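For the protein sequence lines, the chains are S and L, in the order given. Residue 28 in the working numbering is what sits at position 28 of the first sequence, and the numbering runs on without skipping anything. Residue 258 in the working numbering is what sits at position 258 of the second sequence, and the numbering runs on without skipping anything.
Since the hints were made in silico from the structure, they are not lab data. Please note that a few of the clues may not be correct.
Claimed, not checked - In silico lysine-lysine, DSBU-like type, Cα no more than 30 angstroms apart, as pairs: (1) Lys246/L <-> Lys87/S; (2) Lys204/L <-> Lys44/L; (3) Lys47/S <-> Lys28/L; (4) Lys55/S <-> Lys108/S; (5) Lys97/S <-> Lys44/L; (6) Lys204/L <-> Lys97/S; (7) Lys63/L <-> Lys108/S; (8) Lys310/L <-> Lys87/S; (9) Lys222/L <-> Lys44/L.
To be verified - Far from chain S by the CB rule (all over 10 angstroms, computed), these chain L residues: (10) Lys146; (11) Ser218; (12) Glu308.
All values derive from a computational prediction rather than experimental measurement. From the three backbone atoms N, C-alpha and C, an ideal C-beta is built for every residue, glycine too.
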Amino acid sequence: MNLKFIKKGDIIMIAVIIIAAAVFMLWNNSKTEAVQAVITVDGEVVKTVDLGNIKEKITFIPATEPRVLITAENGKIRFESAECEDKLCVACGNLSKHGDTAVCLPSKTVITVTGSDVDAVVY
Amino acid sequence: MKKTAVAIVIIIAAALVAFLAYDGTVNKEITSDFFSMNTYSTVKLKGAESDEAAEEIRSLTEKLDTEILSRTSSKSVVSVLNKNGGGNAEKISDYLNVLFDVCKKSGGAFDFTLGAVSDLWSFSSNPVLPDETAIKDALSHSGYDKMKFDGKEIDYSDKAAVIDFGGAGKGIALDEIKTVLENKKIREAVVSIGGSVLLMGDKKFTVGIRNPEGNSGSYIAKLHIPEGCVSTSGSYEQQFEFGGRKYHHILDPETGYPVDNGLLSVTIVSDSGILTDALSTACFVLGYEKGKELAENYGCGVVFVTEEKKVYAENGAENYIEITDNAYTLVMQ
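Use the sequences and the hints to build the structure in full.
Structure below.
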């Protein structure tokens, strides 16, 4: 084969680049997307919980008035109890899927599981 | 080898120049959330002026509530009107024009003068059923047809009537926010004020209709729609159980009691926030048949979700709805 402009070194270089790119893509795809829960109080993030990596039950009481008790275990998180009047946040139950959200209006506390596949949810 | 090396250097240099020349702020993306209007709101913006716009949205919403719409803030326009039984309403005349129109076209199924009745209902953890006589009395002092509005002045012929923008306040906020965003360098926006949503941008958006039995992030269907406004009225939002019966916050203006017609939620899609909010309530009260006609009258897409887990999508909504929860069935009429 008479390859006037391409030399052996060029082919090796191109091959190395292609293999490196393929290895990077495979590595990148193999990463499983972490299911994270973000707890905010009045718009400020106060705690982030990696739901896929909980060894012991987590209990968390943010500094709010009225107080709320948040628990997380085995890939799920919830408002366990609340000192507010309506307790709508507790009624939301366990949050485990991407986009799951529970809001406690009186304490301005929100738990959101990150990574929803919609732009918004109407309610 | 030498030529290849030169080519690689040129490519890297070009990429570097392009990278440095690129104005990263054009695609600046921010997400923020806040509490105001007694609800939870989220703002997602893309564009050079995202930070400024988000801050402006926050202050605008607070101002709109405390200075115009709130019934708890004694100096708001609505509070002053309620206190005096009417007066100068120029600041809210645009809103009133739309709301009176929905009141009339819905035959009173939507009525923003029911404040005295809704005040009797409490949705705390220790609920008490309001006294029947008190409801009847409050109803007798309510009704949009008792109001006279000439475009500037509003006159409550019954001074005990109470205007309440609760059924349209979030939509009003979305319309005002839209004006702010149109004057800023924003390419894309998704704003949710307590679950009523404004979409702006050239893409096709995906909006979930909330699962009536789930948390506020879980949904039963997706709407694939261009920019506009979407609003839902759902019986699951504020409710309590008493004597084995469930009571929710959407009141029938005729009886003063929660609507009981087999619906769980009604979602409206249109260009106007105030209209989507008012119509979702009106269509919920009217039920499927009449609600569908009213939405058609306004040229709005509408989705009804029933207690039997049936979904009716009408006025074009059938073309952009996708059911994502197998427990629910889309019904073709």
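Against the structure, the hints come out as follows:
Taken as a hint, the Lys246/L and Lys87/S pair is honoured in the structure, with Cα atoms around 16 angstroms apart against an allowance of 30 angstroms. Of the pairs offered as hints, the one joining Lys204/L and Lys44/L holds, with about 15 angstroms between alpha carbons and a cut-off of 30 angstroms not exceeded. Taking the CA atoms of Lys47/S and Lys28/L, the gap is near 25 angstroms; set against the 30 angstroms cutoff, the hint holds. Using a Cα cut-off of 30 angstroms, the hinted pair Lys55/S and Lys108/S holds, with the two alpha carbons roughly 28 angstroms apart.
Distance restraint check for Lys97/S and Lys44/L: the Cα-Cα separation of roughly 21 angstroms lies within the 30 angstroms cut-off, and the hinted pair is therefore satisfied. Between Lys204/L and Lys97/S the alpha-carbon distance is near 24 angstroms, which keeps this suggested pair within the 30 angstroms criterion. In summary, the hint linking Lys63/L to Lys108/S is supported, as the alpha carbons are separated by about 19 angstroms, within the 30 angstroms threshold. For the hint linking Lys310/L to Lys87/S, the alpha-carbon distance of about 29 angstroms falls within 30 angstroms, and the restraint holds.
Distance hint between Lys222/L and Lys44/L is fulfilled; the C-alpha atoms sit about 19 angstroms from each other, no more than 30 angstroms. Under the 10 angstroms C-beta cut-off, the non-interface status given to Lys146/L relative to chain S holds; the minimum distance is some 32 angstroms. Under the 10 angstroms C-beta cut-off, the non-interface status given to Ser218/L relative to chain S is violated; the minimum distance is some 6 angstroms. Non-interface status of Glu308/L relative to chain S is upheld: no Cβ of that chain comes within 10 angstroms, the nearest being about 20 angstroms off.
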